[in-house]
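Chemist: Sequence:
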Amino acid sequence: MDTHNYLNGLSLANLVEYMSNNGSQHLAALTQDEVVAQHVNIIDNEIPGDLYRFVAEALWARLDPHIEGLSSADLKRKEALIDDIINVKVRIDELKFADPERQELLKVLAGLRYEATIEGDLAIVFWCRIKDLKKRRKIVKRNVLSIPYGATPYGLGQQHIDDAGKIGIQELLAMEHAWCAFLGREVYETCVEKIPRLMRLLRLFESAGAKAEFETRFLTWIVPVTKFPVVQNYTQGTIKKVKIPYNTKIYQCNVSCPECPIPLKGKQSRGASPNITHALDAAHLMLVVNACDFPVITVHDSYGSLAPDLGTLYQKVREQFYRLHSKKPLEQIAMHIGMDIGDVDFGNYNIEEVLNSSYSFI
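Numbering (the working numbering), first residue to last: 5 to 366.
Just to be clear, a hint being listed does not mean it is correct.
Okay, the calculated beta carbon distance ranges per label pair [what the hints assert, rightly or not]: (1) 112 / 177: 16 to 22 Å; (2) 80 / 197: 26 to 32 Å; (3) 181 / 241: 31 to 37 Å; (4) 237 / 65: 39 to 45 Å; (5) 177 / 259: 39 to 45 Å; (6) 259 / 313: 51 to 57 Å; (7) 308 / 124: 47 to 53 Å; (8) 114 / 345: 49 to 55 Å; (9) 158 / 249: 40 to 46 Å.
Note that these hints are calculated values from the structure, not bench results.
Since this is a predicted model, take the numbers as computed values, not measurements.
Beta carbons are placed, not taken as given, at the ideal position from N, Cα and C, and that holds for glycine.
Model the full structure from these sequences, guided by the hints.
Modeler: Rendered as structure tokens:
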């Protein structure tokens with residue numbers, strides 16, 4: 005599809021969402037990834053890059069060949085089974101809980117689901133029904149936004165379950181949870197394949213957190229430039245078993261005692277990626293606000309000002325992003341968290357290019 009035609013007619017408000025995936029911008033700068041840098045607009049693109057579209061196209065490029073390999077009879081049978089499942093689920097939702105018809109339809113649905121496990125490939129067929137690129141992009145957008153913050157395949161699948169009724173795509177309203185879980189895994193694997201430098205860096209962060217947990221310590225680091233200290237102080241109270249007599253019986257309860265804290269299992273590794281990315285987000289924000297001599301409003305990673313100051317604000321945002329990443333923050337963070345910088349796969353991106361980027365931040 006021609007990108008100019010795809011963007012034609014979009015308002016400024018529509019274009020804004022193409023311009024920045026802030027977490028991936030930081031990761032692309034850390035790894036000097038020239039491929040991702042183009043898609044997240046920290047280089048001077050002629051037209052806006054779009055990481056969500058890039059991942060959506062790559063994802064369905066993985067799925068569509070499976071459909072092309074099916075015979076017309078196989079495809080027709082799978083399509084019919086999908087329609088049956090969706091129609092039964094829609095009817096169940098229309099009925100009251102105690103309605104006898106609902107109970108019978110639940111049995112029918114169980115039979116259809118069993119048939120689906122035997123048939124196989126229904127998830128692929130279901131997702132390949134969605135042909136429109138804008139819908140495909142919308143489906144993966146939250147997943148791609150979450151990747152820099154430590155998203156897992158399971159978590160990505162859960163997002164599809166949670167968002168089915170929120171993103172305005174009619175085809176998703178009665179889909180099976182198994183189909184959502186499938187797509188979450190596929191999005192994750194697509195990112196591993198298409199943005200490998202970023203995914204590898206995230207795994208290295210997680211490994212550093214796991215090592216800290218094994219050594220019974222909190223992962224700590226100093227944010228470059230701002231010198232802000234970060235400590236992943238995740239704790240829980242020591243669990244003690246308490247026996248409580250009541251009437252003629254003895255009940256045993258597990259009680260958390262916060263006065264005796266111990267490290268919370270799993271949080272050092274799971275928290276590493278999102279906290280490092282958030283720390284860089286926060287550092288950038290602090291630098292931008294401090295560099296402006298006019299009122300600035302911020303919402304997460306978005307910046308705003310009065311109209312006469314917008315041009316200057318846009319310049320300051322790019323300058324401070326350059327200031328932060330020109331100090332090679334990954335080397336400093338890696339030193340603090342015990343990560344071997346030699347394990348990072350670096351590209352050829354030059355951080356100076358962000359200074360001339362046209363669509364990097366709004």
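Chemist: May I ask you to test the hint 26 to 32 Å on the CB atoms belonging to residue 80 and residue 197?
Modeler: holds, 31 Å
Chemist: Using the Cβ atoms, figure out if residue 177 sits within 39 to 45 Å of residue 259.
Modeler: Once the Cβ atoms are compared, 44 Å apart, the range 39 to 45 Å for residue 259 and residue 177 holds.
Chemist: For the range 51 to 57 Å, tell me whether the beta carbons of residue 259 and residue 313 fit it or not.
Modeler: holds, 55 Å
Chemist: Quick check on a hinted range of 49 to 55 Å for residue 114 and residue 345, using CB atoms only.
Modeler: holds, 53 Å
Chemist: Given a hint of 39 to 45 Å, does the C-beta separation of residue 237 and residue 65 actually sit inside it?
Modeler: With a Cβ separation near 43 Å, residue 237 and residue 65 satisfy 39 to 45 Å, so the hint holds.
Chemist: The hint says 47 to 53 Å between residue 308 and residue 124; measuring C-beta to C-beta, is that right?
Modeler: holds, 50 Å
Chemist: Holds or violated: the 31 to 37 Å window for the beta-carbon distance between residue 181 and residue 241?
Modeler: holds, 34 Å
Chemist: Per the hint of 16 to 22 Å, is the separation of the Cβ atoms of residue 112 and residue 177 within bounds?
Modeler: Between residue 112 and residue 177, where Cβ atoms are some 19 Å apart, the hint holds.
Chemist: Does the beta carbon distance between residue 158 and residue 249 stay inside 40 to 46 Å, or does it fall outside?
Modeler: Given a distance of about 42 Å, which is inside 40 to 46 Å, the answer is holds.
In the structure shown, no violation is registered for any of the earlier numbered hints.
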